[in-house]
Amino acid sequence: TIGRYGLRAEAAYTFTQDSSGRNPLIKNPFFYLVFGGDRTFYEYLNVNVQYILRVITNFHDPAAIPDALRRNLATGQRDEIQNGASLRVNNKWWHETLEAEIAAALSFTRLDFVLRPKLIYALTDRWKGTVGADIFRGSGQTFFGRLRKNSGAYVEMRYSF
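Following the numbering used here, the residues of the sequence shown are numbered contiguously, the last one being 161.
Source of the hints: derived by calculation from the structure; they are not laboratory data.
Please read all numbers here as calculations on a predicted model, not as lab measurements.
Any given hint could be a false lead.
For lysine-lysine, the following DSSO-like pairs were computed, each having C-alpha atoms within a straight-line distance of at most 30 angstroms [stated by the list, open to error]:
1. K149 with K128
2. K149 with K118
3. K92 with K128
4. K118 with K92
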């Protein structure tokens, strides 16, 4: 932490069974990096921003596979370099009984995104009600775009004991 700012970073390299990147049915090894920070403003308003990077090792473009069946079965690693960002904003009011949050992730590579608004109200110390949604958007060739039909809203009642 630096003053009121929290800074974080995490990096990983994932080895897979296809270190050469020649088998389109097995993911290639990749490097993954996330870094960002958060800060709380006033008493409860928290803002968290992160940058996300994934680099595929020994990348071979699945679109270059001549066999249509193998091309369609190829793993979801369509871009050698993928980057994006995430944002989460959360605030509380009324003596911490009402909480609102909006979270989002955006891929800069293919411009697909997910948006997750949520509202939580503590009816009592044991009962909480939640209303929220998961909204996926992007072209049909993107990760979040393929999940578009899974977009939806929900209502939840929770009892803690």
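For each hint, the structure was consulted:
1. Among the hinted pairs, K149 with K128 is consistent with the structure: their alpha-carbon atoms are about 28 angstroms apart, no more than 30 angstroms.
2. At most 30 angstroms may separate the alpha-carbon atoms for a hinted pair to count; K149 and K118 meet this at roughly 19 angstroms.
3. Annotation: proposed proximity of K92 to K128 holds, straight-line Cα distance about 14 angstroms (limit 30 angstroms).
4. A C-alpha spacing of about 12 angstroms is found between K118 and K92, which places the hinted pair at or below 30 angstroms, so the restraint holds.
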